[in-house]
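Just need the whole structure built from these sequences, with the hints factored in.
So the chains spell out like this:
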Amino acid sequence: MSSVATSAPAAPSANPILALRRAGPFFFVLALAALVYALIGPQQFANALTIGAIYALIALGYTMVYGIIALINFAHGEIFMVGAFVSLFFLGEQLGQTGPVRDLPVLLVLVIAAFLVTMVVVGLLGVLIERFAYRPLRNAPRLAPLITAIGISFILQNVVQIIYGPSPVNTPQIIAPTERFGLLGASIGYVNLFVLAAAVVLMVLLQLFVNRTRLGRAMRSTAQDREAAQLMGVDINRTIAATFFIGSALAGAAGVVYGLYFGNISFVIGFQAGLKAFTAAVLGGIGNITGAALGGFIIGFVEVTAAATGYFVWAQALVFTTLILVLVFRPAGLLGQQLGERA
Amino acid sequence: MTTQQPPPPAESSAQPLESDAVDPFASADLEPEAIAEVGPGVKDELPAQPGDERLLMRVVACTKRFGGLVAVRDMDLRIPEGAIVSLIGPNGAGKTTFFNIVAGLTDPTAGVVEFRGRRMIARPLRTWIEPILWVLPALLAVAVGLALGAPASGELGLAITTLVALGLLIVMLLLAIVRPDWYQRRLVRLGIFRSARPNDMVVAGIGRTFQNIRLFQNMTAIENVLVGMHAKLHSNMLDSLLSTPRQRREEERAAARATELLALVGLPGREHVVARNLPYGDQRRLELARALAGDPVLLLLDEPTAGMNPRETAEMTALISRLRTELGLTVLLIEHDMRVVMGISDRITVIDHGEWLAEGTPEQVRTDPRVIEAYLGSPAA
Amino acid sequence: MKAQNRRNAALAALVIGAALIAIGYVVGLPPVVFVGALFTAGCAALLQGEHRSLTIVAGMLTATALLPVIVLIQPFSTFSSQNLWIDGFSIAGIFVLLALGLNIVVGLSGLLDLGYAAFYAIGSYTFAFAASSFTGLDFPFWPMLIAGAISAAVFGILLGAPTLRLRGDYLAIVTLGFGEIVPIVILNSSKYTLGPNGIGGISRPEIFGFEFPIQNPWPFYLAMVGIVTITMILIYRLQDSRLGRAWMAIREDELAAASSGVNTVTTKLLAFALGASTAGLAGVFAASKLSVVTPNLFRFDVSFTVLAMVVLGGMGNIWGVAIGAFVLYTIQSVILKQLNQFFAAADVPFLSSIDFIEYQFLLYGIALVAMMLLRPEGLFPSIRRKRELHVDDAGEGPTTTADAMGAAPQ
Numbered sequence: 365m366s367s368v369a370t371s372a373p374a375a376p377s378a379n380p381i382l383a384l385r386r387a388g389p390f391f392f393v394l395a396l397a398a399l400v401y402a403l404i405g406p407q408q409f410a411n412a413l414t415i416g417a418i419y420a421l422i423a424l425g426y427t428m429v430y431g432i433i434a435l436i437n438f439a440h441g442e443i444f445m446v447g448a449f450v451s452l453f454f455l456g457e458q459l460g461q462t463g464p465v466r467d468l469p470v471l472l473v474l475v476i477a478a479f480l481v482t483m484v485v486v487g488l489l490g491v492l493i494e495r496f497a498y499r500p501l502r503n504a505p506r507l508a509p510l511i512t513a514i515g516i517s518f519i520l521q522n523v524v525q526i527i528y529g530p531s532p533v534n535t536p537q538i539i540a541p542t543e544r545f546g547l548l549g550a551s552i553g554y555v556n557l558f559v560l561a562a563a564v565v566l567m568v569l570l571q572l573f574v575n576r577t578r579l580g581r582a583m584r585s586t587a588q589d590r591e592a593a594q595l596m597g598v599d600i601n602r603t604i605a606a607t608f609f610i611g612s613a614l615a616g617a618a619g620v621v622y623g624l625y626f627g628n629i630s631f632v633i634g635f636q637a638g639l640k641a642f643t644a645a646v647l648g649g650i651g652n653i654t655g656a657a658l659g660g661f662i663i664g665f666v667e668v669t670a671a672a673t674g675y676f677v678w679a680q681a682l683v684f685t686t687l688i689l690v691l692v693f694r695p696a697g698l699l700g701q702q703l704g705e706r707a
Numbered sequence: 007m008t009t010q011q012p013p014p015p016a017e018s019s020a021q022p023l024e025s026d027a028v029d030p031f032a033s034a035d036l037e038p039e040a041i042a043e044v045g046p047g048v049k050d051e052l053p054a055q056p057g058d059e060r061l062l063m064r065v066v067a068c069t070k071r072f073g074g075l076v077a078v079r080d081m082d083l084r085i086p087e088g089a090i091v092s093l094i095g096p097n098g099a100g101k102t103t104f105f106n107i108v109a110g111l112t113d114p115t116a117g118v119v120e121f122r123g124r125r126m127i128a129r130p131l132r133t134w135i136e137p138i139l140w141v142l143p144a145l146l147a148v149a150v151g152l153a154l155g156a157p158a159s160g161e162l163g164l165a166i167t168t169l170v171a172l173g174l175l176i177v178m179l180l181l182a183i184v185r186p187d188w189y190q191r192r193l194v195r196l197g198i199f200r201s202a203r204p205n206d207m208v209v210a211g212i213g214r215t216f217q218n219i220r221l222f223q224n225m226t227a228i229e230n231v232l233v234g235m236h237a238k239l240h241s242n243m244l245d246s247l248l249s250t251p252r253q254r255r256e257e258e259r260a261a262a263r264a265t266e267l268l269a270l271v272g273l274p275g276r277e278h279v280v281a282r283n284l285p286y287g288d289q290r291r292l293e294l295a296r297a298l299a300g301d302p303v304l305l306l307l308d309e310p311t312a313g314m315n316p317r318e319t320a321e322m323t324a325l326i327s328r329l330r331t332e333l334g335l336t337v338l339l340i341e342h343d344m345r346v347v348m349g350i351s352d353r354i355t356v357i358d359h360g361e362w363l364a365e366g367t368p369e370q371v372r373t374d375p376r377v378i379e380a381y382l383g384s385p386a387a
Numbered sequence: 091m092k093a094q095n096r097r098n099a100a101l102a103a104l105v106i107g108a109a110l111i112a113i114g115y116v117v118g119l120p121p122v123v124f125v126g127a128l129f130t131a132g133c134a135a136l137l138q139g140e141h142r143s144l145t146i147v148a149g150m151l152t153a154t155a156l157l158p159v160i161v162l163i164q165p166f167s168t169f170s171s172q173n174l175w176i177d178g179f180s181i182a183g184i185f186v187l188l189a190l191g192l193n194i195v196v197g198l199s200g201l202l203d204l205g206y207a208a209f210y211a212i213g214s215y216t217f218a219f220a221a222s223s224f225t226g227l228d229f230p231f232w233p234m235l236i237a238g239a240i241s242a243a244v245f246g247i248l249l250g251a252p253t254l255r256l257r258g259d260y261l262a263i264v265t266l267g268f269g270e271i272v273p274i275v276i277l278n279s280s281k282y283t284l285g286p287n288g289i290g291g292i293s294r295p296e297i298f299g300f301e302f303p304i305q306n307p308w309p310f311y312l313a314m315v316g317i318v319t320i321t322m323i324l325i326y327r328l329q330d331s332r333l334g335r336a337w338m339a340i341r342e343d344e345l346a347a348a349s350s351g352v353n354t355v356t357t358k359l360l361a362f363a364l365g366a367s368t369a370g371l372a373g374v375f376a377a378s379k380l381s382v383v384t385p386n387l388f389r390f391d392v393s394f395t396v397l398a399m400v401v402l403g404g405m406g407n408i409w410g411v412a413i414g415a416f417v418l419y420t421i422q423s424v425i426l427k428q429l430n431q432f433f434a435a436a437d438v439p440f441l442s443s444i445d446f447i448e449y450q451f452l453l454y455g456i457a458l459v460a461m462m463l464l465r466p467e468g469l470f471p472s473i474r475r476k477r478e479l480h481v482d483d484a485g486e487g488p489t490t491t492a493d494a495m496g497a498a499p500q
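Residue numbers (our numbering), protein chains in the order written: chain A, 365 to 707; chain B, 7 to 387; chain C, 91 to 500.
Wrong hints could be hidden among the right ones.
Part of the chain C face toward chain A, derived, beta carbon under 7 Å [claimed, not checked]: (1) PRO252; (2) THR253; (3) ILE263; (4) ILE274; (5) ASN278; (6) TYR282; (7) MET462; (8) LEU463; (9) PRO466.
Take a look, some chain C residues computed to stay more than 12 Å from chain B by CB distance [to be verified]: (10) MET150; (11) ALA460; (12) LEU464.
Restraint ranges, calculated between C-beta atoms of paired labels, are given here [as the list claims (entries may be wrong)]: (13) B:TYR286 x A:ILE526: 47 to 55 Å; (14) A:GLY627 x B:LEU154: 50 to 58 Å; (15) B:LEU248 x A:THR685: 52 to 60 Å; (16) A:VAL677 x C:ASP391: 19 to 27 Å; (17) C:ILE274 x A:ASP599: 40 to 48 Å; (18) B:GLY197 x A:ARG576: 51 to 59 Å; (19) A:THR673 x B:LEU164: 23 to 31 Å; (20) C:ALA93 x B:LEU248: 22 to 30 Å.
Just so you know, the hints here were simulated from the structure itself, not pulled from any lab data.
Keep in mind the model is a prediction, meaning the values are calculated, not measured.
We put the CB at the ideal spot given by N, CA and C, even for glycine.
Printed below as a string of structure tokens:
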């Protein structure tokens, strides 16, 4: 069924039609990008790319977890939210940062440290959740882990709300949002560039990890057929835990860049972002890593276009309508395999 | 319902099926009547023509690809009425895939399945017409509204037009979702064809079992059988909400029939045992009873003796032949156990690597060199 | 004919009990009501499992008669007056209805609906449009009860049709999105819905030309009891019918159900639509009871609360779910508040600084997770659900693989 398939060609076939079909979704996204660019101009386009990158990072976790244990991890959005708060805790409360850092080496160290700390903490949180909330239910009826996931997401939300209060909290924007450069007649913040770059680097690392390492291979084989993988000596529990760690860590990274980019966070951001990121994952073909990334950018485009053309309040409704349309017309998503079953 | 009701004799082979060479698609495209007969729920009882070989099911040029992998290629199969036909082949030969296609569970990439002369599964035809039907009334309403000068009469006219159009759209969509019989027939008349779904196949008269038993494990034996009877029962939601006499009578009759069926397969008195507490062999029997509950004409059995010891296997084999004679069933069997296949079958089709390899009586197949090479090359298990 | 005798005895108990309850209330003698309730409870006990509808009537009658009397006793009488209690009970009834409806979807058919509040909203706004000073229309309440149910069901079908063909999890996320979108749409279409202020001045029900008064909570209470009783009877009948068996079969193994002749799409759609229509019913009642509807009443927390009620009460068990919803609502709206006041007054060091109402959802979250891990069948499980959720006790049948509903045949 769905697998953590990357777009790495399954078979080195030289069939031009197949190659074209495989490239189709990418052309689609490029065309959409061009259209969006024409509609909203370079300034907003940069915003769309940035927001898309954040959704893409969150969507990766959804897709990986779904690929490996076929569970919609409802708590994933909240894990992202916790990531944003961990980053705030580390940068703001532990290191006492409040505003832009002008010194480039210091900034670099701070940013990398924030990423590392947040990703590790949030990744461990994901592993803990898997260990204590999902693993005992691995053979239970499907509804059980789903309900547990919802319970977990409420626990995370409320714990953060109790600690930080219900109103939005300011986060240190250590990359000055006022630092901008001109491009194509628009002035684009370095922070936009940074978010995009960070997302792309993480995605490339993930691709390399999944395709080139032993653990990555174990993940792919577990996604394909858990029992067979187990027979071949793959440690299923470890592999699933690793998947949760990586997925959650990526959501944590998204939390870090969210804080850096928007400058304030609240306990509700996880729910909204989670819903959109899930839409992105479905759009790209759930279980497919490249698809999730593409889907994230598409959602970013849709949302920012709606906002930029004066329909901000309808942006969410639009994203949701996109989800339904995709489910009706192409339930397997852009890059997913068409599901063979009809029952 | 106190006696076993043998299913009505399948008066089939409606279309002359004598020529195997007929291109299935050509016939589908050229004969509007043939298409009109198609479609789940449309009865088709043509008189039997004496002398014909009475075919119950015909599968022509069936192919299934999964991505680049061809699981089944160009399979043909003919099941004469009243026969026990077996499908054999080495592991991974595509037997179960083929079986799922015939049961309506998997869409074939190409090919046609006909059952009792009706085309059940084939390439979909003119499905694009349907969405047009959905929006047509709404568009018409808008057109009428515009023609009557709705915009000129201010906001009220526009509002009424919009509401009417929306209402029509919703009604059409609801129709498309609920799909009442007359709507279905209308679609068939427009030349729209969709393959039957598994439940349509049950209604048409096909019952099946699974290789790895798929009972409703937490329901009792009788409840399992009653679910199998689902398509045969007619009380609707309103009947059950009001608990009408009709519904109560039907429930009583259904329960009585289910008890009979359980006794027939050898599970008398086990009605209220939860399915998963039944021993393995009895679970297979229960699955058989569930398949029989839909009053099938054709029974599809996927390895009915898998995992059974020799005594249970013999009992199951005896049961299957008994069912055939008592209920006048036709059986399509997938089986690994060569002794079962050779002992029980009238015809055997051999499949290998997804392709048709040989067909004939057990004797013919046993001596066919191709079969021996492909399948029995390593002596039969 | 022993069964016949028992049934006659039960009927007699029911009639005597009802008469005593009526006399007790008219004369104002709680002990008489209490004795009457004993008779009706006896009737329910006598019929146990034989005549469902009568059992439900007797059970509901017992509860209806006892609740207003119980709140006169300490410590309940200190919390608030009898009238306020009864007012609260009719709102609890709304949640009982919601839980009963969601139970059809989640408990009986095994589909996860996370945007259930949306249908509740649709029902409410249907009545708000049909009978309020805002639109100037004044349709009568009782027919609108059905109309609200139908309009919610139509939305349910339109939403469910595309998603129910797919795997179960998609439904969860789509309904989650729908539940999120409906309040947003209401909020942002101020022209038609008055946005965040909501629609006020919604009419109250009438019976024989007599309109339910504002001051007296009894008519709403009794109407609610009637609606809940009828809903429960109907849902029980569905559960025991051909449709209910099909729902159960789909919950167990969708593929096998399809291969047994169940039209899975229509059957799931019916469950979804019936669940939605129950929410619509509750919505109409709520709109009339509260006389004002705002988008804030239908946020995600309502969906979540109702889901918690269903899960904690025992998925699939109609009585369990109803009791679970009632108890949970009472805890949430009364006990937590009382705890706050109690600890504040007693000045307990740590506890008095906690706002228990704020912790409500944290508690729900913990309860859900704990419930799924430790007692997945709920507090009042149905026998069947108990079997199903304790897979390991009875030895692993061949189910476990088939249980992953998406398991594809080879």
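Problem - Hint check, failures only - result: Hints 6, 15 are the ones this structure does not satisfy, whereas the remaining hints hold.
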